[in-house]
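Chain residues, written in single-letter form:
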Amino acid sequence: MFISMFGAVETGLLYALMALGVYLSFRVLDFPDLTVDGSFVTGAAVSAVLIVNGQSPLTATVLAVLAGFAAGCVTGLIHTKGKINPLLSGILMMIALYSINLRIMGGQSNVPLLNQSTVFSSITSFWENLHLSAPFNSVLTAIGISNTPSTWGVLFFSLLLTLIVKYITDYFLKTEVGLALRATGDNKKMIRSFSANTDGLIILGIGLSNALVAMSGALIAQQGGFADAGMGVGMIIIGLASVIIGEAIFGTKSIARTTLAVIGGAIIYRMVVSLALRVDFLETGDMKLITAIIVVAALITPKVLESRREKRRRLRKRKELANAATTKKGADQDAAT
Amino acid sequence: MLRLEQVSLTFNEGTMDEKSALQDVNINLDTGEFLTVIGSNGAGKSTLMNVISGSVIPDTGNVFIDNKAVTPMQEHKRSQMIGRVFQDPMAGTAPSMTIEENLALAWARNKKRTFKLGVNKKRKNLFQEHLETLNLGLENRLSAKVGLLSGGERQALSLLMATFTEPSILMLDEHTAALDPSRAELITNITDNIVKKFELTTLMVTHNMQQALDLGSRLIMMDKGQIILDVSGEEKQNLTIEKLLNEFQRIRGEQMANDKAVLG
Ligand SMILES: Nc1ncnc2c1ncn2[C@@H]1O[C@H](COP(=O)(O)OP(=O)(O)O)[C@@H](O)[C@H]1O
Ligand SMILES: [Mg+2]
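So the sequences go chain by chain: F and D.
In terms of the working numbering, the first sequence is residues 1 to 337.
In terms of the working numbering, the second sequence is residues 1 to 264.
If you're looking for bench data, these hints aren't it; they were derived computationally from the structure.
A few of these clues could be false.
Computed list of lysine to aspartate or glutamate pairs in DMTMM-like fashion (alpha-carbon distance at most 20 Å, straight line) [what the hints assert, rightly or not]:
1) D/LYS121 - F/ASP170
2) D/LYS111 - F/ASP280
3) D/LYS224 - D/ASP88
4) D/LYS77 - F/ASP199
5) F/LYS188 - D/ASP88
6) D/LYS197 - D/ASP88
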């Protein structure tokens, strides 16, 4: 149980990068971008193929991010210059990327990374050389958890990386360019009248969004030990689930709060999935169905809660009115006698 | 400062909905002139604004700002020189962003947007100083979301955002029409103050004839895509609503059909 939750937090932190990307497109730009399903795989494929061909994991990951950025820019171009609606632009790019990803992977649908050096193998060996896991594990044993994780390096690395990306995102969204990007999602007519090139901003924003998605894909591939042509299916829904769950639980008071919420949402989503998979009759193949149900539930629950609160409020008001009426009647009767 | 030469525009040419919105419009506006524009619904007033701002491209004719032909320039390039306030109070601001962020967006109008913070200490002070001139207490609410402001407050903020970078041209399109009378008066006063303070070259469309007479140094009346009356100087000073209506009847040979015009 502890180990599976530990794993959920680890992968959740990596998927959180993808969720931040989805936050940029869906929430900041108000652009429902389905490129994500393809660009996630693009990130995974580029990094896996480069690593297999002897590139350093760092170079491979950086190039994967650039590939994702390029893919997003193309979606932005199709939408702004081709005047095609956002959903369709994203779907077109997603389909195109399926073929492109297969090409990147040399026609194979799966590129294994077994026994290759990855970002994570480097981190783990660095971490273990410093013997940093032992203290954490002894704390665990002390509180009675005997099944301790093999390394804490991956967790801390993922946490550090995700927080760095979060802070850069927060900062960017407050810069002059970032403000114009947010205004583009908020009121295009207005920001155009303040001399911002909304087409350029949309292209930049969708590019950055998919750069984050591809970074997430590249890291998930290296952590899981393979890139697969099908690993991006439904990724956009997972990203959306993370954003919605996070926002509902942690709130959206400020940008910094919201990006933190999105990261939290990604981790909680992973935990829910790994709990669901512990249920006997559910199988790995059911994950997408579970995801869809989670998203629907996350979208409906706030509305149900709100309407129940309203109903209770009305009931209370009516009761108060009725009570007031009876006490008044009682007082009248008292006065009469 | 602003010059329109033989600008014409027809919407939906060759269809049932064909509509000649501007017919051979010529305007020459000097620096610092304040032009009020009146005319019935559909006369082409908004289209005139859109042609100047670049959100609509005329079929023929040219627009010059500072003696530079701007017709081929894209809207976002042109808007470095043009401040605009729209009729809809929702249109001029970004509702989910704060007052200071909105002002920062406006501040960057005539500069290159960079990767530096849009709101910093120095700019906050600048924004506060400008907000104080509105006398609405907005200077104490810098980090409030603009979506929470009332229509009048938003319109005042829009006006400030459109003007405090001192654009070459200010265009106001019925910017008080969606407000209740007392708010409208407030915004009208603020408009008058701001235009005087920054000595802006201004075009103001209004449905309120009295407002068109009270404000500005020059007045044009439009009808069916044409400018049918153009008065300035002393003649403008001595103009009354009655004279305007008579003038319309003399030129067009019919009563002014304007259900929207507010005469008082
Ligand atoms: N985008 C458009 N497409 C078609 N017709 C338009 C468009 N914009 C304005 N028109 C028409 O052009 C005429 C002038 O409109 P407008 O400039 O908005 O008038 P107003 O003087 O009331 O502001 C109207 O008849 C209007 O219906
Ligand atoms: Mg109009």
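message: Checking each numbered hint in turn, tell me which of them this model violates, lowest number first.
response: Hints 2, 3, 6 are the ones this structure does not satisfy, whereas the remaining hints hold.
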